[in-house]
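**Student:** If you want the building blocks of each chain, they are given just below.
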Amino acid sequence: MPRPFTPKVVTANDLLEGDVIYFTADNSWTRTLSEAELITDEAIAPLRLLEAEKHNLVIVGAYLADAKEGPNGPEPTHFREEFRRTGPSNYSHGKQEAEADV
Amino acid sequence: MYKYNAFDTAFLAERNAQFRSQVERRIDGSLTEEEFRPLRLMNGLYLQLHAYMLRVAIPYGTLNPDQMRTLALLAQKWDKGYGHFTTRQNIQYNWPKLKDVPDMLDALGSVGLHAIQTSGNTIRNVTSDHFAGAAADEIKDPRPIAELIRQWSTDHPEFQFLGRKFKIAITGSPNDRAVTKAHDVGLRMIERDGQAGFEVIVGGGLGRTPMIGKVLRDFLPQEDLLPYLEAVLAVYNILGRRDNKYKARIKITVQENGIDTYREMVEEQFIQRRAEFDGTDQELLKDIETHFAAPDFRDGGTEAFDTAYGSDPVFRAWVDTNLAEHRKDDHAIVTISIKTHGETPGDATAEQMNIMADMAEQFAYGELRISHEQNVILPHVHKSDLPAIHAALKEAGLATANVGLISDIIACPGMDYCALATARSIPVAQEIATRFDELKLEHEVGELKIKISGCINACGHHHVGHIGILGLDRAGVENYQITLGGDGTETAAVGTRTGPGFAYDEIIPAVERIIKAYLEVRETADETFLETYRRVGMAPFKAALYPDSEKKVA
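Those protein sequence lines, which keep their order, are chains A and B.
So the first sequence is residues 292 to 393, counted in the numbering used here.
So the second sequence is residues 607 to 1160, counted in the numbering used here.
If you are wondering where the hints come from, they were derived from the structure by calculation, not from laboratory data.
The reader is advised that the hints may include incorrect statements.
[To be verified] Derived Cβ-Cβ restraints for the label pairs, each shown as a range:
no. : chain 1 : residue 1 : chain 2 : residue 2 : range
1   : A       : ASN363    : B       : LEU845    : 52 to 58 Å
2   : A       : THR331    : B       : PRO644    : 35 to 41 Å
3   : B       : GLU1053   : A       : PRO337    : 52 to 58 Å
4   : B       : PRO1146   : A       : LEU338    : 55 to 61 Å
5   : A       : GLU373    : B       : ASN611    : 18 to 24 Å
6   : B       : GLU764    : A       : THR331    : 49 to 55 Å
Cβ atoms here follow ideal geometry from the backbone N, Cα and C, with glycine treated the same way.
Chain A with its partners taken away, still in its complex shape:
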């Protein structure tokens, strides 16, 4: 039996800022993982990645990252993506800093 497909999000870094961004259902980019499009269909995932890569003039290094459905939208399944959506653990820098400013 084929293994069940782990849902994905398309993520990349912003060309100018370098920070983590996620691809949304309306083909734009967000800095918040929960606003990303959660891709649950294995056949669609590579197509969404290709769509995202059309934006290569403003993004760097798009890839499909494992994610799961949470109460407020996609959530990471691996600690690497957890750090990417939060920031480093030694300083309150990165995304956690931006959230603290709100």
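Start from chain A and add chain B according to the hints.
**Tutor:** Frame of chain A; chain B shown alone:
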């Protein structure tokens, strides 16, 4: 200290202008990322987890106060107010914006610093003994040679597309503080029959296949250095594997072909190469040497030092741990610990950098060094100035008395920043330091080097740590393997794995058990951890780490 000549300045300005235009072309869409990536890497610009990262070379670890102030300026103006001193005598900025990087490089260029060849498959920043020019045990200052290698290797057309990165380290002391045996090429300055030369070590390295380097030439006359290095690299360019990234470093080339074959090929190449050198490099070296003349050491009594040493226990503790022997009796080498308990190893704020620059100017003949152990050094200090220096360091939060002790941990950035990492290393270092500070055991434990890497690439040098910690990803969870008995000095050795790894919340207690076992089995308080390990082997530490498996066997 080396001062750029007109050629150096013009070269760097041109290179920076080229990069500025490359950045512009990437932004306006004329360059794709595939085209731009190798260009940015050649100029030290990486893309990490949360942002770009700019890695700036600190050539052989030497800085003057203006350079240090410029490093502070970069942190303040274009980053988040701090910089990270790395395990290869570089400094990294974790948060630059792409558009700002050309300005950062221009600012660096104005004080003779650059980020060239801090990445990519080229000859990287040449590292050296951080006590060079000051140490009592030194035969000769290795920095003029290191500068010669920097000039020769920078933009050297033959070595811009090597099979893999290439790291050279050089020491002028028999006590190896530059880890020369764990470099692609290690150079140890020696003398034979009154002639200056090198022992050339090749094929050392850490990473996924750790190896201690082998002697390629037991004596190479000084004037033959560059043609010989060219021969070593030319053979590597021919023989080195390009089919498999993990087998591409020279250590594998030497292992697969045998050191004798490698040596034969080098010697053959060397004959041709030497014929191409007409002595210009040695003329240049003579000029470079004048830049590194020792400062005019001042005389004077050391009463102020003796009095403070006798009366102030905090000062005494700092002197006993953070000072090293200078070649002049009334001077000392001061290591400023960038390892405050609970802080990130190697991180200094812009303010601290400025303070250290001021101190170097006021007390240390305008010289600073950065060590691969992620500390800052004032290499020449008259002992009478030590009380004033200590007082100023205390005020700046830089007077931690822990050099060479358990909390003087070297750690790579790990998963907190690095795109290659498989686990975090910084918080592990922070917690070990905090824990042993709470236990007040640090000074009792004595000399102990803990080194932590957040992935197999071993930037944290875990293989040569007395206690090495390697962070891995085991089925989506951080897991830490421990090695014991590693050594990065002239008696270099790769550590041995203790057994199964430990989860993130188990690693600090595991280190604590190792230390308790050491305190129990050491013969005297003077027997260091490494000496004890070499005497008793792995058994008592294994028993302390894995008590349950011990029971099963019994």
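**Student:** Regarding GLU764 (chain B) and THR331 (chain A), is the given constraint of 49 to 55 Å on their beta-carbon distance met?
**Tutor:** With a Cβ separation near 52 Å, GLU764 (chain B) and THR331 (chain A) satisfy 49 to 55 Å, so the hint holds.
**Student:** Has the hinted range 35 to 41 Å been met by the Cβ atoms of THR331 (chain A) and PRO644 (chain B)?
**Tutor:** Check passed, 37 Å falls within 35 to 41 Å.
**Student:** Between ASN363 (chain A) and LEU845 (chain B), does the beta-carbon spacing fit 52 to 58 Å?
**Tutor:** 56 Å, holds
**Student:** Does the Cβ distance between GLU373 (chain A) and ASN611 (chain B) fall inside 18 to 24 Å?
**Tutor:** 50 Å, violated
**Student:** With 52 to 58 Å as the target window, see if GLU1053 (chain B) and PRO337 (chain A) comply at their CB atoms.
**Tutor:** 55 Å, holds
**Student:** A range of 55 to 61 Å was offered for this pair. Does it hold for the Cβ distance of PRO1146 (chain B) and LEU338 (chain A)?
**Tutor:** 59 Å, holds
Going down the numbered hints, you'll see the structure goes against just number 5.
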